[in-house]
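Residue numbers (the working numbering), protein chains in the order written: chain E, 1 to 810; chain S, 1 to 346.
Calculated from the structure, these hints are not laboratory results. Just so you know, not all the hints are guaranteed correct.
Said to hold, decoys possible - So, partial list: chain S residues that the calculated Cβ filter (under 10 Å) puts toward chain E:
| id | residue |
| --- | --- |
| 1 | Asp2 |
| 2 | Asp3 |
| 3 | Leu5 |
| 4 | Phe72 |
| 5 | Leu84 |
| 6 | Leu88 |
| 7 | Arg171 |
| 8 | Ser210 |
| 9 | Thr214 |
| 10 | Lys249 |
| 11 | Gly255 |
| 12 | Ile264 |
Values in this document were obtained by computation on a predicted structure and should not be read as measured data. Note that beta-carbon positions come from the ideal geometry of N, C-alpha and C, so glycine has one too.
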Amino acid sequence: MYISLDWLSDFTKLPKLTAQEIGEKITLHTAEVEGVEDLESKYANMVIGRIVELKKHPDADRLNLTMVDIGESKPVQIVCGGQNLQVDMLVPIGLPGAKVDVHGSGDIFELAKVKIRGAESHGMICAGEEIWMEPDNEPNSKKDVKIKDLSHLNEKPGTPLAKALGKSGSIIDIDNKSLTHRPDLWNHYGFARECSTIFKQELKPYEPKAAKPDSTEAKPKATIKDDKVCPQFSMAIMTGIEIAESPQWMKSRLEAAGMNPHNNIVDITNYVMLELGQPMHAYDRKVVGSDELIIRTAKDGEILVTLDESEYKLNKEDPIVCDKKNEPLGIAGIKGGLKSGITDETTEIIVEAANWDPIIVRKCSTRIGLRTDASQRFEKGLDPSMTETAVNRAIELIKELSPNAKLISKVETFGKWKPGKKTIKVSPEKICKKIGVEISEKEMTRILKSLEFGVKKSGKQLEVDVPSHRATGDVDIPDDIVEEIARIHGYDQVPALVPSFPINLPVKNEERFHKHDARRILAHNLGFTEDFNYSFYGEDRLEACGLDETKHLKILNYLSEDQTHMRTSMTPNLLASIAKNAREFEHIKLFEIGRTYEENGAYMPDEKKVLAAAISSKSKDEIFYEIKGALEAFLQNFQTGNYKLVPSKDAPSYAHPKKCMTILSRGKQIGHVFAVHPGVLKHFDIAHQVGMFELHFNALVEHGRNTVKFEEPSKFPAMNLDVSVLMEEEKTVAAIESAIRKTDKEKSIQNIELFDIYRGKEIPENQKAMAFTIQLRHKDRTLTDKEFQETQEAIFLALEKLGGKIRGRN
Amino acid sequence: MDDKLKKLESAALKALKEASSPDELKNLEKKFLGKSGEITGILKGLASLSIEEKKSIGKAANDLKKTLAAKFKNCCNKIEMEHLNKTLESDEIDLSAPGRKHHIGHIHPIAQTQEEVERIFGQMGFTVIDGPEVESEYYNFEGLNIPAHHPARDMQDTFFIDKAADKKEGRLVLRTHTSPNQVRTMEKYGAPLRIIVPGRTFRNEATDASHEHTFDQVEGLMIDENISISHLKGVMQEFLSRLFDKEMKVRFRPGYFPFVEPGIELDMSCIFCESKGCKVCKKTGWIEFMGCGMVHPNVLKAGGIDSEKYQGWAFGFGLTRLVMMRYGINDIRHLTGGDLRILNQF
């Protein structure tokens, strides 16, 4: 919202500060100022110029040399790249000293007299975007630029640009969001009240002369069918209206506040809204046909065409104002209807200012998608006591701008609302305790009174009467009074204190530590990079992975088709990440720690923390073993207690059915490690194998982490025994290892490591050659050659018994 | 005989000093210490001597043999090293060639910063808490003093889950902020409280360079009998100073959030221009950092805490925004894009 400082000065004295400084004070004490426009200084050193001569720059293809009349005795030379220059064109000139927004980039640059490719330039000819007007070029374009043609202004060369454009005074732009809770600030008078308090100045009362009727021949009447919809409705009837353009002062103020002028009557209703904050409406009395208005909610399907000629279909909750025949005239609190609007032919009017229920207006405005200056104000909850004041102020202005106008009725007010009294008791001690700074009672009283609160001492407490303009929900409880004191006294007065620390320690959150640990292990020890994906995916990915749609939570108001379902698995989005990176990287290792969400029939779904990791590799080596190794290294590094990997009976739908193992912790399933199903990979357009594991992180942490158990290293040397054995395909490594272990009566086998599996040339079909290194070491002595021989013999026999053929042995 | 040994010693040492190649040395070793070398010769000659002489000369000759052997060894090492050094001169490699790549992984910048935030608040005695991301309307709104049709609901465009509403808790939503955990934690632990809640939040808004429907926030809550606005200033100033590793200032100004009263906007001193004024801080020297304020009595009430006895503050800042600011990331979508060229930089 735009606030004109000039307008504020009607009601309070502003200190001798720059607009910028006033803006800063308002930011610190009342509401966020997004920008300050001091128009005169902004457009300083800018004038209208007329091009009198135009030729090419001798040393630059794209530049022109112009001679420009800037109202001085002689034209000046300016170098300009504008491609639309013409002799006699009126253009905006930035003279040396002018500050312009170069190429509309936001960088402000102060112009000086310079030489451009050897030619002197006395300032510059500006494009629209460089002087905060309608842009002439794309942002930051530097080629084939155009400059602003102001020929239509018909001004003399040398006229200050601010004057030519009607820019004067300073305007403060308030962030509307910071006024959500302040219905009293959607106008100039409200800000004048704040400024008077901040700057400790008097505030002029807002008291338009009570309008004296010229006659009372008209009897205005409002029939309110629903008191909740309309607590207050004020109206009056005027005749002898002459529709005309508003005077310049009024037009300038409306424009400063960002509104377009229309005609004197419409402008006055807008002016009162901007000044007092009470939206108003004027009806053409002859079109309405009587002085009685009916306020009701619409019938389902009732149609109304608004002033801007848009058609709205209403429903039974929407508030409307109707004529005596019950025909709708306007959507209450939002927009007037086209039929009864003010036209050039209007001579008699019904002036209206009403108070509407904020929630009803808000719902209607949201539903029909029409937000207006009026609805924006009503939905905050306006002060019902303003309606009559507003009508009186409008009548005052109408008589001024249309001197032959006659008021032919009293100003009548209808509605059930009655002024009430809201008193809040608050102790000054408590106020100081909440803010954390000592503030005197005197200062508190000054602040509150200046904001038009009533203040009375009652024992140790202050009895604060809330003024009607703050009583519509904004100020209700003692804490609201704390805010008034704190913000006006100034948050800069509050010291920065670190609270004393309690002796008792905070509640531990182990899971967090574990989570960060897991990240470090995966990233820094195992080389995985962490990915953050969205928590949702679309049906396409869901189906590609064969997930059960019914277990998903669906988003009602999703943003796009690929973000419709909350993920029940991390896999789909991780696979998408792999696919995305496959063009740049041959070997990809990603992990993600995030949540999955699963429908479980109850109100709150199952939310699990899941750790998922994926490896995609160009290599033809079986990926399952690589991811299995990564999982084992992770679990070992994470010091996971006894866990078990067993072949999965029911592999997830996106896993290769034969390359999937279940991770068991104390008999409970906590995850899977698997090669991704080739069909799924195909869908994601991934050409390489992908191995993944998914771990239920909460369960993993619950499972517990081991502490290291130290073991004294043996003093005796180890001996390595290499065995290569030919086996049937179906014999597993686990079976062979187990057979070898069984021979170990002396407990001398330290380690069994498979170092090669070979198939192909020289190996019979359906067989494989497996090579193991077995490390032997006795804990109490050095093994003798004889013992070594015996162990080897025992192992060979065991393997042969298993159906193997020891290679290199007859 | 003694004389002979001495002469032998000096001759050997002289020859050693002059020796310059391993071959030369080998010959000398053979000459003096070899099987038919000079010392061996002397030792062989002992047979013709008296027992006394045998003893003394034998010892002296053996000692000399040991001494010379050690000297020869030293000299041999030295000469070998010199010789090796000479050959190394020609063993040059291209030092500018890259080292062999060792692949390491990377932790997401949001996770890194989150851990740092947790560590700093942890040092100040805060507990890290988390709560559900799929949340009820009650905890996300009503419990926080944001009733239905409150304009503040507009400020937080909400994702709804397609599921029947609960009579008490309302519809299911994706939490629009981490604030639902204020009431959840109050209900669970009561007062006093000192917590932060980092986590993922969602807003139903179209994405562009500065808007994302999925982002991370950090909620903070501190409640005790005497916790005031001045403590909020102190804690945040300390937190930011530790995070940015330099002295930071904060500025408060009025703001509006239904779950706090007074409501405050916190600005921090601009980290890009040392508060001198730049493009980022729009020449103000301040950067908008977060919303905060004193917990509204209605929220304390919803959490079952006696608002007459206890008071405190709450804050919420955008972790994602903080990460963008820290690393100069200009497009928020980079952080959920899964692009390794980006992730590998952290």
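Inset, instruction - So, Ile264/S near chain E? Judge it on the closest CB pair being under 10 Å. - result: Nearest chain E Cβ about 7 Å off; hint holds.
Legend entry - Status of the hint placing Phe72/S at chain E (closest C-beta pair under 10 Å): violated (34 Å)
Inset, instruction - Hold the hint about Leu84/S up to the distance rule: shortest CB distance to chain E must be less than 10 Å. - result: violated (32 Å)
Legend entry - Hinted contact Ser210/S with chain E - closest CB pair below 10 Å: Violated. Min distance 15 Å.
Inset, instruction - Closer than 10 Å between Cβ atoms is the bar; does Leu5/S clear it against chain E? Give me holds or violated. - result: Since chain E brings no Cβ nearer than about 46 Å to Leu5/S, farther than 10 Å, the hint is violated.
Legend entry - chain E contact restraint for Asp2/S - C-beta distance below 10 Å: Nearest chain E Cβ about 50 Å off; hint violated.
Legend entry - Hinted contact Asp3/S with chain E - closest CB pair below 10 Å: violated (53 Å)
Inset, instruction - Closer than 10 Å between Cβ atoms is the bar; does Leu88/S clear it against chain E? Give me holds or violated. - result: For Leu88/S, the interface hint is violated, since the closest Cβ of chain E sits about 35 Å away, which is over 10 Å.
Legend entry - Given hint Thr214/S near chain E, where the shortest CB pair must fall under 10 Å: For Thr214/S, the interface hint holds, since the closest Cβ of chain E sits about 6 Å away, which is under 10 Å.
Legend entry - Restraint outcome when Arg171/S is required to lie within 10 Å of chain E by C-beta distance: holds (8 Å)
Legend entry - Interface hint outcome for Lys249/S [beta carbon to chain E under 10 Å]: Result: holds, 9 Å to nearest chain E Cβ.
Inset, instruction - Hold the hint about Gly255/S up to the distance rule: shortest CB distance to chain E must be less than 10 Å. - result: Status holds, d = 6 Å.
In this structure, the earlier hints numbered 1, 2, 3, 4, 5, 6 and 8 are contradicted, and the remaining ones agree with it.
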